[in-house]
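Number of protein chains: 2
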Amino acid sequence: MRKTIDRILEPETIAVVGASTDPSKRGHQAIKTLQEGGFEGTVYPVNPSAETIRGLSVCSSISEIPEPVDLALIVVPKQVVPSVLEECRDIDVAGAVVIAVGFGETGDEGEELEEDIIHIARQNNVRLVGPNTSGLINVHEGANLVGADNVPAGELGLLCQSGNLAIALFTEAAALEGVGFSHYVGVGNEADLQFHEYLPYFADNDKADAIVCYVEGLADGRAFLQEAHETVPETPIVVCKSGRSAVGKQSANSHTGSLAGDAAVADAVFSQAGVISVDRSDELLAVSDALASQPPMDDANIAILADGGGHATLAADALAARDLSVPELEAGTKDRLREVLPDAASVRNPVDVAGGTDDDPSVFADCAEALFDDPNVDGVLLSGLFGGYGIRFTDDLEPIEKAAARDIVTFAEDTDTPLVVQSAYESADPEVHTILRESDVPVYESLDLSVACLSALAEYGTHLKTTDERDSFNLEEGERTIDPAEATNGTLTEYDAKKVLDQYDAPVTPYELVETPMEAKRAAVEFDAPVAMKAVSPDIVHKTEADAVALEVTEDADDVFQDLVENARTYDPQARIDGVLVSPMRTDGIEVIVGATSDEQFGPVVMFGLGGVFVEVFEDVAFRAAPLSKSDARSMIEEIDAQPLLNGTRGGSSVDQEALVDVLCTVSDLVVDNPVVEEVDLNPVLAAEDGVEILDASILLSNESQTTTHTMESENEVISDGGDNE
Amino acid sequence: MRKTIDRILEPETIAVVGASTDPSKRGHQAIKTLQEGGFEGTVYPVNPSAETIRGLSVCSSISEIPEPVDLALIVVPKQVVPSVLEECRDIDVAGAVVIAVGFGETGDEGEELEEDIIHIARQNNVRLVGPNTSGLINVHEGANLVGADNVPAGELGLLCQSGNLAIALFTEAAALEGVGFSHYVGVGNEADLQFHEYLPYFADNDKADAIVCYVEGLADGRAFLQEAHETVPETPIVVCKSGRSAVGKQSANSHTGSLAGDAAVADAVFSQAGVISVDRSDELLAVSDALASQPPMDDANIAILADGGGHATLAADALAARDLSVPELEAGTKDRLREVLPDAASVRNPVDVAGGTDDDPSVFADCAEALFDDPNVDGVLLSGLFGGYGIRFTDDLEPIEKAAARDIVTFAEDTDTPLVVQSAYESADPEVHTILRESDVPVYESLDLSVACLSALAEYGTHLKTTDERDSFNLEEGERTIDPAEATNGTLTEYDAKKVLDQYDAPVTPYELVETPMEAKRAAVEFDAPVAMKAVSPDIVHKTEADAVALEVTEDADDVFQDLVENARTYDPQARIDGVLVSPMRTDGIEVIVGATSDEQFGPVVMFGLGGVFVEVFEDVAFRAAPLSKSDARSMIEEIDAQPLLNGTRGGSSVDQEALVDVLCTVSDLVVDNPVVEEVDLNPVLAAEDGVEILDASILLSNESQTTTHTMESENEVISDGGDNE
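Keeping their order, the protein sequence lines are chains W and H. Note that the working numbering has the first sequence beginning at 2, numbered continuously upward. Note that the working numbering has the second sequence beginning at 2, numbered continuously upward.
Any given hint might turn out to be false.
Since the list can't tell identical chains apart, any single copy or any two copies may satisfy a pair.
[To be verified] Mimicking SDA-like on lysine to any residue, the simulated pairs with C-alpha atoms at most 25 Å apart in a straight line are:
hint, residue 1, residue 2
1, K33, D397
2, K403, A149
3, K403, A176
4, K26, V102
5, K522, D559
6, K335, V102
In short, the hints are calculated from the structure, not lab data. Nothing here was measured: the structure is a model prediction, and the numbers come from that model.
I would like the entire structure built from these sequences, with the hints used as guidance.
Right, here's the structure in full:
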């Protein structure tokens with residue numbers, strides 16, 4: 002018995018529901034495309050009134066098809082889709098591609114219709130692709146349900162939320178040699194089958210060498226992270242996520258009706274799962290093809306081999322702009338280069354052959370061999386005019402150049418080191434480039450695309466080295482540590498939030514909730530004043546605004562107690578006041594913020610940044626999806642621009658970064674254990690050489706919990722309602 | 002009498018010195034290229050032994066040529082170049098292109114040879130192009146001294162410091178329709194003729210529609226700024242400056258021997274002069290062509306017209322990434338769009354036709370017309386599949402699409418609004434695109450290049466609006482305010498630096514230099530202690546290190562005086578101590594830094610940033626070339642990332658930014674008046690709501706001045722030595 006997803010993506014029997022005798026109709030063209038595209042399975046046209054279409058006998062209903070149907074292409078109007086799916090009740094239909102628009106992407110009425118078809122499909126065990134999709138193609142099998150006839154065959158699996166973008170990618174690939182697709186899935190509205198459900202199919206390396214995703218919004222971002230995490234070690238995934246800008250988001254909304262999340266969060270969590278994310282659509286195809294065809298790099302050290310100082314310098318700049326390194330070469334490498342190059346050449350990286358190849362391009366191969374052999378080199382970028390020597394100088398050079406290309410490819414393969422070629426003659430399409438491309442070497446006119454390819458190979462290789470450190474992105478709820486019933490207005494008081502943190506042995510500054518002036522005075526003495534004092538009320542969220550905070554209290558803590566309570570009462574006469582929180586004053590250290598938020602697409606994510614203006618003005622923060630591994634937490638601290646401050650740049654000493662790692666992991670545990678948490682804000686956390694302390698904490702619960710606590714529903718219901726990101 | 006530069010760039014008589022009968026030699030090929038490329042002037046081969054070459058009679062020396070020579074191409078070995086130039090003594094040779102390498106780019110010996118040829122050339126009134134150049138081409142006149150035969154004719158003037166990069170640009174342009182060159186100058190080592198000297202020629206709009214510069218280093222960056230400033234209002238200039246990264250710089254050095262400056266400074270001063278600078282070489286040709294062919298934009302508001310939500314969203318993201326806006330459309334525009342588009346379309350910007358053009362691409366023209374008419378729209382980006390409807394659907398659509406293209410071009414021209422087309426079918430080269438390109442509309446497959454074009458048009462247009470605010474970048478030295486003889490070790494003491502600032506009425510915190518403990522006590526009282534006290538010694542630069550600073554002194558200023566002097570003596574027993582500087586303590590306000598430095602390429606530049614970590618860790622600073630206009634100074638303050646802090650983000654009020662503008666302009670005046678100044682550092686300057694105060698100041702003089710003051714040379718000599726950037 003074949004798996005459902007295999008039957009959908011490698012269909013042997015296809016029903017075309019809404020088949021037509023009219024050659025201008027989609028229901029006719031689809032059949033024509035299947036017949037002419039070499040599809041060897043069985044095609045069943047379905048139409049209540051026709052008898053034969055394009056030589057095939059027609060079934061009047063899908064239910065009349067005499068064998069199990071792997072995939073039904075449904076091209077009927079949206080109103081008719083439910084009845085077609087109803088007709089699948091008593092037969093075996095694995096999947097149905099619903100082309101029609103006017104569902105969830107259009108508003109309330111469409112959403113209702115979408116709910117309907119999902120319901121019927123599930124009842125009848127039919128998985129849906131779409132609706133609002135251009136279709137699905139298995140290129141190698143000729144199972145083309147789109148009608149696009151220009152899809153070059155190759156090794157890329159494409160999951161795409163825009164039909165026109167798919168056409169653009171097909172056209173772009175067709176203009177390159179050796180770049181093509183194994184599959185195309187227009188995932189559409191993800192009403193039933195969602196992005197992540199296609200990934201396991203491709204994790205099998207025979208299906209595709211890389212998965213290309215154009216995403217407007219993920220219906221279940223958390224599941225995508227989890228599946229991607231498992232797929233990536235086998236098959237690289239490249240994502241272009243649109244809606245990065247506010248305007249783009251607006252447009253993405255009106256397009257598929259899915260919610261585009263924050264670009265910073267998406268970039269961070271994709272990277273965490275090993276997904277390569279490109280922020281410019283121009284790079285999507287090139288980067289995907291490089292990952293599909295070239296070995297990943299262990300590290301980011303690139304040797305540049307250029308014919309001319311101009312190209313050498315520009316290549317070095319372009320690599321540096323993407324944080325790739327241009328390492329020193331070994332002395333032996335330089336000696337080998339010196340042997341074959343003229344005196345004017347530069348044999349340090351970037352290597353400039355300085356005319357040394359003008360008469361004899363085979364020198365390129367000698368140089369490349371030396372570079373591939375250098376242990377400092379993880380990848381090679383050949384930049385300039387290679388492939389154009391026969392055009393630029395004399396025809397005699399072409400065979401020499403071709404032989405050099407063959408040699409270079411062999412050296413690269415022998416050392417398992419990736420090679421990318423940037424050539425000004427790419428548009429002239431010389432045979433030299435064909436030799437390179439037939440050996441899977443990317444060749445681009447664009448320096449930027451060439452460097453983007455190397456950058457992705459470095460990112461992918463780095464991920465493969467560290468991927469063992471994490472089990473999964475699944476949220477396995479632990480023992481709950483928060484009782485939503487205790488929260489008022491969905492917010493825990495600072496006191497309650499700190500009690501929760503205590504359960505995780507988090508380094509909270511000592512605190513005591515006092516209820517009388519005398520207790521305050523005693524606590525101040527015990528804490529060895531100066532102390533900080535704050536009125537605690539479930540009804541007052543903005544304590545400073547209420548003038549209910551006193552810092553640096555050295556004496557008369559009893560009077561201060563009374564002032565604070567009085568101020569709180571003045572601010573809100575109805576406010577319940579639990580008492581005053583007393584803590585010793587802390588000032589030494591660097592203020593950092595550790596927080597968490599529930600992302601609409603990816604669920605709980607943890608945030609780290611330096612306090613004050615660093616967050617507010619520079620937005621210098623790092624995100625990761627919970628659960629965090631320790632290495633996730635370390636990478637967050639390393640990632641922020643202000644990181645040098647934590648290392649003691651301004652004359653101070655380095656703060657205890659491992660203690661910060663622990664706090665980040667605690668917040669991660671807290672949000673995983675308690676799906677009801679919407680936001681955590683530990684601000685400030687004071688980080689010093691000898692440890693860190695959490696000075697203030699707030700925990701906000703999700704709206705669901707607020708509603709339910711207000712109406713006094715049981716805690717269990719609250720928890721099960723709140724966990725919409727599990 | 003024609004101008005020398007006109008004779009060089011539009012030569013009527015060309016001498017080829019080193020002409021050869023051997024067809025494989027450059028001295029033969031050059032003549033062949035001139036003959037076959039349609040050059041209608043006179044060519045004189047020069048060779049001591051041949052009689053005729055390619056049918057032309059040969060002169061045995063350049064001095065034997067019977068008429069004035071506009072341009073001599075010198076292809077002899079480097080050692081022979083001086084004697085060829087000697088032979089120009091008694092004849093009229095306007096310019097000579099020296100191809101040979103091995104001059105200033107190679108080291109001391111080469112530099113000497115370069116000095117020699119400059120000397121001889123100047124004596125004989127010959128201007129030099131190169132050496133170390135691939136040559137020079139006037140494309141329209143067939144005056145091709147390079148031998149490259151693939152140079153498409155067009156309207157771009159190319160000044161280039163890499164021959165291979167020029168070949169790459171020629172090849173790239175040849176693959177596009179309608180993009181080409183009027184001139185190519187390989188500026189080489191700039192030994193004599195420098196980058197800026199070619200600009201005035203192109204300022205005449207008939208010569209070229211845009212100037213394209215590939216720069217590794219500018220021999221005289223200041224002169225380039227000045228000439229660019231005057232050229233840009235007539236003819237836009239685009240610069241790609243390599244050597245941005247540390248590695249790139251290294252490589253640029255070994256290539257042309259010129260010193261690549263700091264990328265941040267270069268970007269800032271280019272922009273100040275109205276030069277469009279591209280940081281990726283991929284963009285150089287596209288951006289130049291857009292500026293040459295499309296009208297500049299008054300502002301940065303772009304209407305997107307896309308056939309598909311995917312392209313609409315990606316285009317919006319790409320525009321946002323370059324700070325271009327996607328404005329609301331007028332209600333009337335939306336109504337017009339609604340009339341011609343289906344219900345599923347989005348008529349707010351970005352406009353998504355949502356299939357409304359599939360059957361009838363003329364709808365594109367209707368939509369475009371509405372967008373061009375909208376007063377909120379400064380430019381239009383058409384993105385998606387336009388030009389491919391005949392390919393994608395049926396051939397019948399091609400004539401409709403072509404008519405639409407013609408209409409769109411007409412609407413664009415009528416409203417003087419730029420249009421850029423991004424199309425997935427660019428590589429298929431449909432006639433629709435030819436129509437667009439023939440009307441100068443850029444068409445690219447790359448979304449990024451398309452957006453780069455619009456971004457450059459916005460930047461150029463914005464500059465044209467503000468260009469009147471500055472007269473020039475010339476450094477007109479005013480009255481000198483610094484006497485280098487007073488500086489020790491090239492540094493002014495804080496006291497002396499503040500005295501200099503006083504001459505400009507700069508807002509320095511009150512200060513007094515006291516020489517006795519009693520004076521210190523009195524001063525502290527007069528300044529209404531607390532005060533800051535610092536020992537002043539020309540021999541102690543690092544006062545804090547010497548423990549010679551006391552802050553917040555409230556009492557016993559006499560004792561503090563003695564402590565500071567003692568500490569200074571302990572630190573350096575030989576140090577001369579001028580006394581102690583007393584100032585009232587200031588703490589209210591935001592710390593900013595105002596500085597200046599003498600850039601190796603561009604001369605004096607002024608810097609602004611927030612103090613402390615903002616400069617040290619985030620490197621969040623703005624540069625401009627002095628002299629600053631007030632609007633330059635304002636733009637520096639607006640440019641830094643931390644700018645919101647000056648507006649009172651954190652609950653404070655906005656600081657007095659006009660007072661900051663004055664301080665920036667003062668520093669600008671100071672460095673322009675005193676070419677001997679190498680660095681100015683006002684740090685901190687405290688900026689508050691009611692004004693700013695300079696708390697500390699240091700002024701460093703150039704090495705030349707240090708040497709000369711040490712040897713007690715006269716002040717006049719010092720000044721004339723120091724002003725190497727005038």
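- Within a copy, between copies, both or neither: where do K26 and V102 come within 25 Å Cα-Cα? within (16 Å within a copy, 68 Å between copies)
- Message: My question is about K403 and A176: at a cut-off of 25 Å on alpha-carbon distance, are they close within one copy, between copies, both, or neither?
- Response: both (21 Å within a copy, 23 Å between copies)
- For the identical chains here, do K522 and D559 meet the 25 Å Cα criterion within one copy, between copies, both, or neither? within (5 Å within a copy, 42 Å between copies)
- Query: With identical chains treated as interchangeable, where does the CA-CA distance between K403 and A149 reach 25 Å or less: within a copy, between copies, both, or neither?
  - Reply: Classified as between: cross-chain Cα gap 23 Å, same-chain 35 Å, threshold 25 Å.
- Message: At most 25 Å between CA atoms: does that hold for K33 and D397 within a copy, between copies, both, or neither?
- Response: between (48 Å within a copy, 20 Å between copies)
- Message: As a check of your reading, is K335 near V102 (CA-CA no more than 25 Å) within one copy, between copies, both or neither?
- Response: between (62 Å within a copy, 23 Å between copies)
Every hint from the earlier list agrees with this structure, and none is contradicted.
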